[in-house]
Each structure stands twice: as structure tokens, then as C-alpha cells.
Amino acid sequence: MSLSCSGMETSNNYQRYSMNKRKIIIAGLCILTALTVGCKMEGVSPERALSLPVGSDYQGGVVAYVLQPGDAGYVAGECHGLIAAAADLNAGSSLGVPWIPGDEALFSGITDTALNTGEANTEDIVIFYNSVPDPGFYAAQCCLDFTNPDTGTGVYDDWYLPSQDELNKLYINKDAVGGFNSSFYWSSSEADLNNACAQSFGSGEQEEKDKLEDARVRPVRAF
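Under this note's numbering, the residue at position 217 of the sequence shown is numbered 217, and the numbers go up by one with no gaps.
Note that these hints are calculated values from the structure, not bench results.
Some clues are possibly wrong.
To be verified - Simulated crosslink set (SDA-like; lysine to any residue; CA at most 25 Å straight-line):
| # | residue 1 | residue 2 |
| --- | --- | --- |
| 1 | 174 | 71 |
| 2 | 174 | 152 |
| 3 | 174 | 203 |
| 4 | 174 | 106 |
| 5 | 174 | 151 |
None of these values were measured; they are calculated from a predicted model.
Take the sequences, apply the hints, and build the full model.
Encoded structure:
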């Protein structure tokens, strides 16, 4: 989802911006800094201006990253970023969940690694693997099925398994986001028939991990 600084309508001396998909209206002027996304409201003191630094509780989770110039998906004059779920999804296991269902590795061809590709990756993975009998529980499916609990910032059902580059942004800002384990986390980026891309949230190491192994999962959503 994006907060667009174009296509605004003006009335009562302020500008209205509509966040697509969410039907949320915010009055103000869109601003973007290195680690902050927010709307500075015209005629309102700076103390009351809405400001969302990385680590802020927002829209069902925690602001994990704000797109910068040069990032895939960055659009000048628009505010985009990633929200991480407040906790991991591991189906009750301390080790996590496998990348694929069942006991047989299949090549799905989901290899995109860039920012803003995780959502499409996740949907394609689920379509591919749900075509096999009894797919069971696996990383992409648990993210797609996730709806965050109501903590006062909204309830959303558009979560997905982050791509490799999106997962790395979570690692970079892991202390601000909070709740991470030092184990490996899955991305939605496939390496080959037997492996998918994962990242250690202890060392930051990125590696190709056997799809049948368990790793931790942290869903994200875009804004």
C-alpha cells in the first residue's frame, strides 16, 4: 500500500491524501526523511504532526523500513515502506517452519530478490505449492494466512513473506523493530530446486538453505 502525494483534493485549507486499499484519509503534507515517514499537517503545530520513525507501532505492526531514493519501488513525492509483524510466526515450534510443504523439493521459479517483490513471490509460491496434494503448513502460506491481532493500530490481512532484500532491511533495523531471534529467517526468494534464501539475524549472514529445513518467519506488509 502507498501513501500518495498526488491526486489530492483540497478543502478547508488542508490537503487530503487517500491511502489506497486501506480507505484511510490523512490530512497533511507528505514528508520523507532517512528513517521517518509521516504527514506534517498544515496549520498544526510540529508537536502534533504525525511522525512515524522506524520502530513505531503502525497499521497492525511495526514500521521496519522507509524506501529511499535508489530503492526498487521508490517514487519521488510518494511515501512507501515496510511494516513488520510484531512477532514471528512459527506454528508453535521454536525452530520455525519449512519453506515448502511435504517431503519433496520442487522448483517453483520464484527467484525475485528486490524490494517490493515479496508479495508477488508469496502469492506465486502458494499458488504453485497448493497445486500439490495436501500442501500442509509452510512459510509462504503461514504469512498469507496471517491476520494481525488488534492492538489499536488496525487489523490487516495482506501480509507476506519478505523477499531477500526486504528481509535484509528487517535485519538492519532489527533492534528498532524488536522481537527477533538470532536464528535464520526465511525469505520468499528461491535459490534453486533444493534451496531458498535465508538470513541469520545473529550474524547477518545470507545463505541458501535447504527448503525442507525449519527457519523462522516474520511477515511484512507494504504501505
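Hints violated by the structure (listed by number, smallest first): 4
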